[in-house]
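**Q** Protein sequences, first through last, are from chains A and B. For the first sequence, UniProt numbering begins at 1 and goes up steadily by one. For the second sequence, UniProt numbering begins at 1 and goes up steadily by one.
A portion of the hints provided could be inaccurate.
Computed list of lysine to aspartate or glutamate pairs in EDC-like fashion (alpha-carbon distance at most 20 angstroms, straight line) [said to hold, decoys possible]:
| # | chain 1 | residue 1 | chain 2 | residue 2 |
| --- | --- | --- | --- | --- |
| 1 | B | Lys89 | A | Glu9 |
| 2 | A | Lys96 | B | Glu79 |
| 3 | A | Lys96 | A | Glu9 |
| 4 | A | Lys61 | A | Glu47 |
Hint data in this document are derived by calculation from the structure and do not stem from the laboratory. From a predicted model like this one, the values you see are computed outputs, not experimental measurements.
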Amino acid sequence: MDNYVPADESTEEASNPFPAPYNSADAKIMVVSKSTKFPKIIGHVREHFDTHPDHRFVVFKSTNGATERAISCVEVLKQQFAEQELYQWTKVVCDKRVSLWKCLQEGPRDIRVTVEVPVVFIVISRDPFQGEHSCMSMQCSTDKDISFSFLPPSQSGGKSKKERKGNRKQGEGNKWTKPSSDQRRKEHKEREEALKELQNS
Amino acid sequence: MAITMSTTPSKRFDEKTNEMRRRPPIKPSNASNHIYITRKTNVDSQVKSVEEMLNNAFDEIFIHGMGASINKALVFATEVERRFGGSVKSDIQTSTVRCTDDIVSLLELDRAETRQRSVSAVHVHLYRVVS
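Here chain B stands alone, though its shape is the one from the complex (with noise of 0.2 angstroms):
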């Protein structure tokens, strides 16, 4: 029986001797009414800040979340929608964010290799509504 190999090259590498450091991904905007929700994110104070956002300093909020925290981010531009009934709207929008990744390798420290990871995203942009 012949053993036939993958040309194509293996994602997987020796954790004992390479470290994976990820870089942070590109943020589209760094302005204060835009929003970043993490696995970390607590959604019940989050919501309260925006709550105040909208009601003293904008008129239209961003928030962005990726990959695992895509559903807390939709939770969360539910949650603010709701508290304000129907003076609040949104738009939701997805797309595809390149992140990378860098292998260090703890051997030869001046050694380290790249790697790109696609990761889905959602933006929801959160607006008052003029009456």
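The following block holds chain A by itself, in its conformation from the complex (with noise of 0.2 angstroms):
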């Protein structure tokens, strides 16, 4: 890559994976980036929430890669406003970032480089989602846990760690596991024996 320089950037951005209303033009967008202050943009929903009493919703973006900051500052908005409900839905899209560079030689090609950088959306709305839309990415704030971490496990030949571990404990069944000091000590009396017999033969 020495005899390559970044020519040109371009980014394509993704659109609101939800559905109507919560896509709609009018609807409120917080953009989170990595330099966004939580007190600032909380107290900006806050204030919305308070003059806008039939806007019932917001819409959290992340940019610029910032998604652990755009759900950071979601679980503090929860957190602060813990004497209502909000119901939260969370989506993942990606954004595509195609750069483009030049060889500064005349000869070889010039490289597109397409990268694909995950973009959070995240709905905070007042009221619960219609059922229409129901699906496991909701939540609400005052769930305790997550909903589908204790689903009961589907599996079809799989073992957790415990039952591997156990496996490795009694060395069944597997070659490639490294042998006891018994074993080997058992191994080298087998080969002392096999040589000896070979040279009294």
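Hints in hand, dock the two standalone chains.
**A** Below, the structure written as structure tokens:
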């Protein structure tokens, strides 16, 4: 890449993945970047909810890969709005960042690099979501646990870590496991006996 | 001019005489289809192992990422989804994890203080779609 220099960079922004009314033009979208201050954005949301009682939701969107900041912002907001239930719907889409690298020498072609950057969209609503959109990406601020983490495991042959560890200790069935010191002594003895027999014959 | 002092205890501690030991956060599950992404996780190799798991052993996988590794966990989940085309879908939820830190005095080893810290986390449920 020594002979290449960046020439052009363009970003294909992903559109709002939510259905109407959460993707409408008048929807309040809070864009969270890496330098966004939590008190400012939370104060803005609180003011928006207070001044417009008919506006029932806001959408948080991360920019420039600030997904962790957007999620943290929403978590802090939920804690600060502890007096009322807030409903959350999370979706992740990808922005495409295309950069063009031009070659300084004649001959080789230019390189086009496409990088997909995850962008998180979070709807925070004061009303429950409509049943037709119901999915497992929705949660409520009063939920104590993650709802899908405790689903009964659906596996077809996989073993839990504990089970696998147990097998490893027993040393059965896996020929690649490191032999124990007793096994090594036994093998050494057997080899020596076989050598002696060969020498005697 | 009067100097006003804050009554809330400072979170700072003397790093010369104290050491902070972070306790590992509580895992939602120890099952092998729960994958915990850290800052040290190699996404490429982990994607390959998850591909194998989804093809051979499990119908669903749970990906967990905390704090600075949230972005990595999302990159990882989208990469797995992309590799499987439309046959794997995802659900995403967020939470706050309470972590405990021990502040141990280096001068008096029997004296330790604990502190609670809140860290944001993301949980992605990847599952096979029945076609």
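**Q** For each hint, tell me whether it holds in the structure or not.
**A** Do the hints match the structure? See the list:
1. Lys89/B with Glu9/A: Between Lys89/B and Glu9/A the Cα gap is close to 31 angstroms, so the pair fails against 20 angstroms, i.e. violated.
2. Lys96/A with Glu79/B: holds (13 angstroms)
3. Lys96/A with Glu9/A: holds (11 angstroms)
4. Lys61/A with Glu47/A: holds (19 angstroms)
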